[in-house]
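Protein chains: 2
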Amino acid sequence: MTRRLADLPTPALVIDSGALDRNIARMAEALPGDRLRPHVKAHKCTGLARRQADAGHYGFTCATIRECEGMAAAGLGTDLLLANEVLDARRLGALVAGGARVTLAVDSPETIEAAVAGGVREVVIDVNVGLPRCGCPPEDAGHLADLARNRGLNVRGTMGYEGHLMIVDDRVSQRRKVERAIEVLLAAHADVGGEIVSSGGTGTYDIHPLTTEVQAGSYALMDTAYARMHLPFRQACTILGTIIHADPRRAVADVGLKALGMDHGNPSIESADVLFCSDEHVTFVPHVGVATVGDRVHVVPAHIDPTMALHEAVWLVRGNEILDRWPIDLRGW
Amino acid sequence: MTRRLADLPTPALVIDSGALDRNIARMAEALPGDRLRPHVKAHKCTGLARRQADAGHYGFTCATIRECEGMAAAGLGTDLLLANEVLDARRLGALVAGGARVTLAVDSPETIEAAVAGGVREVVIDVNVGLPRCGCPPEDAGHLADLARNRGLNVRGTMGYEGHLMIVDDRVSQRRKVERAIEVLLAAHADVGGEIVSSGGTGTYDIHPLTTEVQAGSYALMDTAYARMHLPFRQACTILGTIIHADPRRAVADVGLKALGMDHGNPSIESADVLFCSDEHVTFVPHVGVATVGDRVHVVPAHIDPTMALHEAVWLVRGNEILDRWPIDLRGW
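Going down the list, the protein sequences come from chains A and B.
In this text, residue positions in the first sequence follow numbering that gives the first Met the number 0: the first is 0, and each later residue adds one.
In this text, residue positions in the second sequence follow numbering that gives the first Met the number 0: the first is 0, and each later residue adds one.
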């Protein structure tokens with residue numbers, strides 16, 4: 000294995016080991032043990048999930064069936080919540096039959112039937128708390144819980160994701176809105192019962208005193224979108240590139256939009272203005288001087304989750320030293 | 000293997016076989032044989048590249064070293080052009096030593112030295128024709144060709160990619176601008192020499208009478224960005240999803256931004272308005288009626304190239320019948 004950062008072929012996804020450790024420790028202090036159910040969609044990497052488990056979080060949140068399968072295969076299937084609706088739950092049923100604990104979100108009679116048909120035994124009722132996506136109307140939650148129990152399912156509680164409130168500049172207004180969303184969720188939970196009230200994310204992790212657990216994921220690696228919220232987590236993940244072209248007006252590195260989640264816009268480069276990304280290039284203007292062909296540059300993604308999904312592996316580094324290579328083994332569906 | 004489209008787990012990348020065949024045939028008619036050097040970055044799939052080779056195109060364009068390696072491994076390495084600069088060409092040199100023909104773009108003394116050091120023997124001079132990215136100033140092309148020849152390299156000619164002119168609504172103005180860009184390239188070529196003048200893409204494939212070859216790739220599968228140019232190529236690739244939530248105001252399918260290149264914006268769904276994408280969801284409003292949970296939906300990506308890079312494989316289908324499964328085997332770097 001390559002031992003030095005400087006020898007890595009580029010583009011290369013790299014994690015600063017110190018920053019990762021600090022982010023994980025800081026979150027474990029704020030939300031210890033089962034108060035946090037880390038969302039693996041943010042990194043899709045069992046190597047990183049194991050670090051979160053080592054910090055005391057044994058339950059995990061997943062967004063896809065493949066993520067559940069990979070976590071179970073890695074021995075991290077103690078308590079997996081698939082916080083998403085599926086219409087074919089057979090692969091989840093196979094995991095349960097194999098000894099993993101998998102709890103599935105349901106928000107309709109159809110998704111309840113899919114859970115039963117697939118062999119899943121435990122569910123949470125997914126409640127819409129304002130994000131225009133999945134989740135039942137709050138007033139239907141109790142009825143769906145009854146339906147699920149009548150079909151033999153163990154209803155462990157409720158979840159409601161306030162994704163529309165995750166990245167907000169005004170934290171006072173954010174807190175007020177999140178409180179209202181959680182009021183809605185708790186009212187639904189009163190109709191549903193069960194021990195779980197699951198909600199939240201990195202942008203709201205510190206304003207969830209009333210839920211039983213928070214589903215944050217991005218806190219471990221961070222990105223530029225979350226960075227502007229001044230959370231106590233540091234940028235831990237960048238894409239290392241090589242400058243392949245430089246002239247007095249611009250520089251170009253080999254980190255393009257196939258190496259970057261682009262839904263939140265362009266990435267950032269320290270002391271430079273990013274002009275645009277192409278498939279395999281980022282064109283940028285250094286604030287001072289002219290770049291040098293062959294030099295390395297760190298590119299910071301705007302959105303970490305889809306960035307991870309574009310890479311086969313991530314390199315864990317300390318300074319110029321490579322400590323480990325973690326496959327991004329939860330990709331796909 | 001699953002034999003019916005309806006049985007595929009979702010999200011699933013699918014190609015309409017008829018549309019693909021027609022697109023490939025139509026392009027082969029317009030630019031037969033070596034007049035087209037299909038760009039594999041658009042699909043990253045040797046299964047599809049083999050169809051292009053069957054249509055008479057034996058030379059291919061690549062954007063990454065991995066694409067060159069995969070094409071050579073698939074027996075499609077007769078004449079590969081890596082239309083991009085690299086600072087470490089050793090893996091390309093290994094391909095050449097193994098019998099593949101690999102020609103590398105160079106635009107600076109440093110990239111010429113990298114070609115020599117890596118064991119690459121053939122290059123083209125990459126000329127900037129207006130896109131603010133790589134490519135030498137046109138007036139430097141002859142000097143760089145001399146330098147390359149002095150270093151023992153075979154200079155096969157020039158390339159210049161007018162990427163800034165690829166998607167333009169006014170085709171009359173586009174043609175005028177492309178002609179000016181090609182004038183610049185041909186002037187540089189007069190200083191460089193060699194048999195290749197390589198340029199163009201899907202958006203300009205039919206206005207390149209003066210170059211020796213066109214590097215188009217997206218024409219085979221298409222996307223919504225190219226669709227608005229009214230080219231004679233049809234949408235051949237979609238992501239099949241399942242509707243996992245529906246209510247009177249909206250529907251949600253399991254095709255999110257991790258299944259879609261998002262740099263050109265949201266995808267499209269026929270007879271519906273797409274509201275937004277999340278990691279694993281697309282939220283949309285059908286024009287008529289209420290969607291049904293469990294129904295399937297085809298999502299059309301805005302940008303095909305990065306969409307392909309997010310999937311492990313693509314399913315070739317005819318109606319509801321699955322004809323083949325092609326791995327997206329040129330991903331990564």
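Some hints could be false.
Just so you know, same-sequence chains aren't split out, so a pair can sit in one copy or run between any two.
[Said to hold, decoys possible] Here are the simulated SDA-like pairs of lysine to any residue, each with C-alpha atoms no more than 25 Å apart in a straight line:
| no. | residue 1 | residue 2 |
| --- | --- | --- |
| 1 | 176 | 231 |
| 2 | 176 | 314 |
| 3 | 176 | 109 |
| 4 | 176 | 54 |
| 5 | 176 | 98 |
| 6 | 176 | 87 |
| 7 | 176 | 267 |
| 8 | 176 | 248 |
| 9 | 176 | 17 |
| 10 | 176 | 274 |
| 11 | 176 | 275 |
| 12 | 176 | 53 |
| 13 | 176 | 186 |
| 14 | 176 | 21 |
| 15 | 176 | 206 |
| 16 | 176 | 121 |
Because the hints were derived from the structure by calculation, they are not lab data.
Bear in mind that the values here come from a model prediction, so they are computed numbers and not experimental data.
Hint-by-hint comparison with the structure:
no.: 1; hint: 176 - 231; result: within (21 Å within a copy, 50 Å between copies)
no.: 2; hint: 176 - 314; result: neither (38 Å within a copy, 44 Å between copies)
no.: 3; hint: 176 - 109; result: neither (31 Å within a copy, 55 Å between copies)
no.: 4; hint: 176 - 54; result: neither (30 Å within a copy, 59 Å between copies)
no.: 5; hint: 176 - 98; result: neither (39 Å within a copy, 64 Å between copies)
no.: 6; hint: 176 - 87; result: neither (34 Å within a copy, 52 Å between copies)
no.: 7; hint: 176 - 267; result: neither (30 Å within a copy, 31 Å between copies)
no.: 8; hint: 176 - 248; result: between (45 Å within a copy, 22 Å between copies)
no.: 9; hint: 176 - 17; result: neither (34 Å within a copy, 51 Å between copies)
no.: 10; hint: 176 - 274; result: between (35 Å within a copy, 22 Å between copies)
no.: 11; hint: 176 - 275; result: between (35 Å within a copy, 21 Å between copies)
no.: 12; hint: 176 - 53; result: neither (33 Å within a copy, 59 Å between copies)
no.: 13; hint: 176 - 186; result: within (16 Å within a copy, 62 Å between copies)
no.: 14; hint: 176 - 21; result: neither (29 Å within a copy, 53 Å between copies)
no.: 15; hint: 176 - 206; result: within (11 Å within a copy, 55 Å between copies)
no.: 16; hint: 176 - 121; result: neither (30 Å within a copy, 62 Å between copies)
Checked against the numbered hints above, the structure breaks hints 2, 3, 4, 5, 6, 7, 9, 12, 14, 16 and satisfies the rest.
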